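Asks: The lines below spell out each chain.
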Amino acid sequence: MKTPEAPFTDPWHAQLFALTVALSDGGRFGWADWTRAFGATLARHRQAQGALDGEGDYWAAWLETLEGLLDARAMTSAEGREATRAAWERAYLSTPHGQPVRLS
Amino acid sequence: MPHDHHDHPHSLLPSDPALRVKALESLLVAKGLVEPAAMEAILQTYEERVGPHLGAQVVARAWADPAFRDRLLADANAAMAELGISGRQGEHVVAVANSPGQHNMVVCTLCSCYPWPLLGIPPAWYKSDAYRSRAVREPRAVLADFGVTLPEGTGIRVWDSTAEVRYLVIPERPAGTEGWDEVLLATLVTRDSMIGTGLPRKPDAP
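Going line by line, the protein sequences match chains V and W. For the first sequence, the positions run 1488 to 1591 when my numbering is used. For the second sequence, the positions run 9 to 214 when my numbering is used.
No lab work stands behind these hints, which were simulated from the structure alone. Remember, it's a predicted structure, so these values are computed and weren't measured experimentally. Glycine residues also receive a C-beta, built at the ideal position from the N, C-alpha and C atoms.
Simulated coverage check for chain V against chain W, where a stretch passes if three residues somewhere in it have a Cβ under 8 Å from a Cβ of chain W:
1) 1520-1527
2) 1532-1539
3) 1547-1556
Cross-link-like lysine to any residue pairs, in silico, SDA-like; alpha carbons within 20 Å at most:
4) W:K39 to V:G1513
5) W:K39 to V:M1562
6) W:K39 to V:A1559
7) W:K39 to V:S1564
8) W:K39 to V:A1574
9) W:K39 to V:D1512
10) W:K39 to V:G1567
11) W:K39 to V:A1565
12) W:K39 to V:F1516
Derived DEER-like restraints, expressed as beta-carbon distance ranges:
13) V:G1514 to W:G109: 38 to 46 Å
14) W:G184 to V:R1560: 50 to 58 Å
15) W:P74 to V:R1531: 45 to 53 Å
16) V:A1565 to W:G161: 50 to 58 Å
17) V:R1531 to W:G163: 29 to 37 Å
18) V:D1497 to W:A75: 42 to 50 Å
19) W:G92 to V:R1589: 36 to 44 Å
20) V:R1533 to W:D24: 15 to 23 Å
For reference, chain V alone in the conformation it holds in the complex (with noise of 0.2 Å):
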């Protein structure tokens, strides 16, 4: 039997996904703390929009929540995200296109 869809619709979607197993898989944090977190997140997006429909808003609270959870175990802070997330920004906009984008 093939699988008949692709796993994530999204290449976002794949590289989350497999940065919070890698973080998971190395000790980082358990997995049951990550599934509990991950579950406020959905029940709280649920009372604010509406029922999900497992697809982009699905991936909208796991990125959330990965993020919730590194910045309260200090491995990362919202200030750090931010200003790495416009750096990232910058290097794709002043990148040639075609060429591989960096950070510089």
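Given the coordinates of chain V, assemble chain W onto it according to the supplied hints.
Replies: Positioned in the frame of chain V, the structure of chain W alone reads:
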């Protein structure tokens, strides 16, 4: 839209969440908290290697070999290992078998826990609020939405997955498959039949 370099003198800017993921990754890699090689291995596993075909192998073996079925129901992780399928550390797979009076269905009401090593990444509907909230409350209505009608008097048991325990449904072997080998049997096992929201294909179906 035609690809035109003049329209994009710079690289296309990824979406905001995509940039946030890149930011997390580069921060954590720089701090040595995650290995790019480990991420790459996980990506390859889930994009290319793992999927419902592995669960189908396990189910087909259980159909063909009663002793394996007993071992699978007693200790699924050990039985999977016989087929070279390893579970994730800290996760326990529990196989639940359908029988003439009993249908089983799997959900994760908390988030989206799922037997990844056997079925890969769950489909969007498994992760949706609609399924997660209704599967326990009105399993028959959910099954009807999937086009599944069970014989009168069949009980439905809904299993709620957790971070530690993941369930795999062993559907009933379809009639008319006597003498089939495992490879052929596996072609009848659908992903949904292993979640309990579907039934296996019938041997005469195209």
